[in-house]
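Peer 1: For the protein sequence lines, the chains are C and D, in the order given.
Just so you know, we're using our numbering here: the first sequence kicks off at 251 and counts up by one.
Just so you know, we're using our numbering here: the second sequence kicks off at 251 and counts up by one.
These are calculated hints, taken from the structure and not from any lab test.
Don't take every hint at face value.
No distinction is drawn between identical chains; accordingly, a pair holds when it is met within one copy or between any pair of copies.
Dumping the calculated DSSO-like pairs for lysine-lysine here, alpha-carbon to alpha-carbon at most 30 Å [said to hold, decoys possible]:
1) Lys-535 with Lys-602
2) Lys-612 with Lys-593
3) Lys-600 with Lys-535
4) Lys-377 with Lys-289
5) Lys-309 with Lys-413
6) Lys-637 with Lys-511
7) Lys-600 with Lys-662
8) Lys-309 with Lys-630
9) Lys-674 with Lys-630
10) Lys-662 with Lys-674
11) Lys-309 with Lys-662
12) Lys-353 with Lys-662
13) Lys-428 with Lys-593
14) Lys-435 with Lys-685
15) Lys-662 with Lys-413
16) Lys-685 with Lys-630
17) Lys-674 with Lys-511
18) Lys-637 with Lys-597
Single-letter residue listing:
2 protein chains.
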Amino acid sequence: MFLPVIMSGGAGSRLWPVSRETLPKPFIELPDGGTLLQKTLQRAASLDGVERVLTVTNKEYYFLTRDEYQVTGTPVAHDYLLEPVGRNTAPAVAAAARYAGGKYGEDTVLLVLPADHLIGNQETFSKAVAAATELARNGWLVTFGVEPVRPETGYGYIESGEKIGKTDAHKVARFVEKPDLQTAKEYIASGRFTWNSGMFCFTAGNMIAALREFAPEVLTSVEQTLQGSNPEITPVVLNEEIFALSPDISIDYAVMERSSKVAVIGADFDWSDIGSWSALAELVKPDARGNRINGETLLVDVDNCYIQSESRIVAGIGLDNLLVVDTPDALLVAHQSRAQDVKAVVKQLKLKSHATANYHRKVHRPWGTYTVLEEGNNFKIKRIEVKPGASLSLQMHHHRSEHWIVVSGMAKVVNGERELLVNKNESTYIPAGHKHRLENPGVLDLVMIEVQSGEYLGEDDIVRFQDNYGRVP
Amino acid sequence: MFLPVIMSGGAGSRLWPVSRETLPKPFIELPDGGTLLQKTLQRAASLDGVERVLTVTNKEYYFLTRDEYQVTGTPVAHDYLLEPVGRNTAPAVAAAARYAGGKYGEDTVLLVLPADHLIGNQETFSKAVAAATELARNGWLVTFGVEPVRPETGYGYIESGEKIGKTDAHKVARFVEKPDLQTAKEYIASGRFTWNSGMFCFTAGNMIAALREFAPEVLTSVEQTLQGSNPEITPVVLNEEIFALSPDISIDYAVMERSSKVAVIGADFDWSDIGSWSALAELVKPDARGNRINGETLLVDVDNCYIQSESRIVAGIGLDNLLVVDTPDALLVAHQSRAQDVKAVVKQLKLKSHATANYHRKVHRPWGTYTVLEEGNNFKIKRIEVKPGASLSLQMHHHRSEHWIVVSGMAKVVNGERELLVNKNESTYIPAGHKHRLENPGVLDLVMIEVQSGEYLGEDDIVRFQDNYGRVP
């Protein structure tokens with residue numbers, strides 16, 4: 251069996267203000283409308299013989315991930331391993347190998363695909379994967395080395411050693427983390443170095459054996475967290491207390507750099523880690539003056555700028571080499587040469603506990619989304635969108651009452667002792683202290699405007715009685 | 251009698267996106283929270299012996315002007331002349347002179363103050379006005395010449411001629427419009443030239459006589475539009491058809507450049523026409539790196555920038571000499587050296603009939619304001635604020651129904667045949683076709699959220715039956 255393993259973590263703070271902890275890089279909408287996560291799934295599903303995919307992600311992203319996958323309409327089955335806390339790649343890979351080995355057999359070939367980069371050429375990718383699969387079946391732990399196109403100092407490099415038999419692959423001589431510029435230039439000149447793409451291919455059994463030899467404490471804690479969970483029931487939520495005991499190390503460091511059975515396959519496909527706004531900008535076709543635009547603009551003497559705006563018009567005059575990224579609650583204006591420093595901004599915002607460091611105004615929930623449209627003195631207005639068939643928890647608020655007005659679709663509402671249907675252009679009122687529940691019984695999205703009124707309007711004023719998504723303590 | 255005449259027109263398109271046709275330069279909030287119009291009234295009211303002020307403005311700005319004046323709490327009486335269409339300064343000055351001459355006598359001294367500039371030093375201003383009043387009583391038409399501090403090519407200049415008796419004033423030798431840079435430099439070097447501030451002082455009778463001599467067609471059309479209006483009832487709305495016949499010329503061109511009885515008084519007070527974002531930026535104290543900030547920012551290696559934001563955080567990285575002005579629906583990013591070109595942007599927006607060229611999301615009405623919070627498919631959400639004692643028209647919509655939720659204050663509502671009080675945290679529903687009226691009977695502002703629902707939500711779907719502000723056809 252051949253099983254792609256999609257790993258989606260990574261905040262991508264260099265892509266703030268669009269990428270935030272609650273909607274990180276794999277989930278942000280790219281200029282073509284897709285997301286890195288969607289593209290990763292489609293890429294995996296296009297490979298020969300793929301019938302199911304295993305996704306390892308944080309439990310906070312489970313519903314978001316399912317929604318993303320659903321949008322693609324990709325006809326594959328899904329397994330999920332949900333991490334209770336963010337850990338590095340070694341525990342995630344270990345969990346994937348142990349889970350897949352147990353469920354599908356230790357000779358299952360796993361293809362590990364991080365969901366935070368882009369690959370241009372599916373055909374070359376497929377060929378590289380086929381070659382890697384062959385090597386994996388012969389006992390190799392396979393890495394994919396991307397031909398470097400610039401002396402990048404932010405990536406890891408792989409040095410190729412001797413050729414492996416009649417294949418195009420090489421043994422790995424060594425891994426090097428983020429070299430300085432001079433060293434990076436020498437690497438490129440030597441022709442022996444490639445970028446470490448973070449993708450891997452191996453059998454479950456070989457990875458388990460390697461972990462047992464080189465990182466037994468990672469394997470042990472992962473095995474313990476999987477004990478007692480039923481692999482037939484998906485998603486599998488890893489036990490928080492035990493998983494947190496696993497060392498926070500990368501699979502490169504835990505296994506790849508130590509095993510002598512590691513191969514590198516030249517990855518001859520376009521590869522970008524979309525590591526900054528400059529990288530993302532390259533996905534947009536430039537106009538005659540080198541401007542790349544994603545949104546509504548009016549430009550006078552503007553050159554070589556990237557401008558992205560969700561809903562506002564951006565007027566630019568006399569600008570050169572700037573990045574302008576506009577969102578409903580935060581605006582970024584940066585010189586192109588400083589794209590890496592967006593990370594520093596996010597760090598400072600986190601130190602200040604600024605809401606825009608982690609949260610968007612649109613918040614994703616298992617049942618849909620809500621967006622805060624306005625907050626004022628003792629009132630808050632939200633647009634609430636509920637997916638067909640979905641339902642919020644049966645809940646109650648102590649300090650606020652809520653007016654609900656349906657503007658699209660149909661709502662089924664529990665309001666105290668009553669149960670009623672609220673149609674488009676109808677409203678209902680939920681007094682403070684009333685148990686209530688909102689459900690979308692229809693087949694169209696339900697869009698509702700909620701006006702909250704009360705002395706205290708924090709999200710933590712909620713008592714949940716019943717919930718379809720396991721959120722009742 | 252001494253009567254300040256405040257003239258407030260002028261779109262101030264160089265201050266877009268804050269200044270727009272529906273809320274032009276005199277009305278925009280400056281960094282200190284005041285407006286040019288408020289400051290002009292306060293400046294006028296602080297002069298010796300001022301008990302009333304005459305305001306000449308477009309009828310569209312009447313209620314807005316009254317609100318602005320009220321905020322200042324300035325204890326002066328008001329006369330208003332409302333222009334039905336935008337004309338240049340000659341018809342406005344003529345109307346002021348004719349109206350004041352008729353109502354208060356032709357020896358009334360008028361001080362014309364455009365509401366689109368700032369004056370730093372009230373004491374020096376008062377002294378200059380006192381000197382001008384003296385000259386006006388002696389038959390002079392007096393201009394105020396500002397000492398030039400740079401070879402500005404965007405202003406008009408006044409060349410001083412011979413000294414007038416024992417005063418500090420001079421006869422005007424000539425007026426020059428917008429010289430080129432070389433000429434402007436020569437003017438400054440000569441010591442004989444000052445900037446034309448646009449302020450004037452004269453008696454009503456002398457101005458009427460000058461108009462009769464040099465611009466009789468302006469005077470005639472203004473006299474005709476005033477005929478039949480009762481000067482005791484304010485505001486006086488000038489007749490549109492007749493007023494539109496008046497030549498569209500400036501008072502400088504119509505009278506000042508032609509009369510031999512024109513004096514110039516050196517205006518030794520700080521004067522700024524707030525003609526661009528660069529000029530407005532100077533009102534904000536710079537930090538150690540030369541940045542002037544009006545809003546929430548997070549800056550890394552940013553120098554000499556002006557950043558203004560109403561509600562969004564602005565992150566800047568590696569910027570120098572930029573203007574960033576952020577509003578709810580439009581963003582401006584411009585190099586400081588290109589501040590004048592904002593005008594070109596507005597021109598292009600107008601050609602495209604882009605809403606942000608003329609309108610803000612917050613719309614001022616005689617009874618208060620409304621702000622569109624969100625528009626979606628078949629729904630629109632507004633925050634409506636009604637001033638104490640104010641009332642919207644009795645009206646009806648054919649195509650939309652409205653949900654009203656009071657979040658602050660108290661509403662008196664006519665809804666079809668019923669009349670009811672709607673308290674904070676209560677709601678009411680107005681079906682399409684129902685006659686309705688909203689009133690704030692209280693002493694606090696009424697804040698209401700309106701959710702409109704319907705196939706057509708244009709502002710023109712309104713039938714007015716009764717209106718306190720003369721808006722019933």
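Peer 1: Please name the hints from earlier in the document that this structure breaks, with their numbers sorted from lowest to highest.
Peer 2: Of the numbered hints given earlier, those the structure breaks are 5, 6, 7, 12, 14, 15, 17 and 18, listed in rising order.
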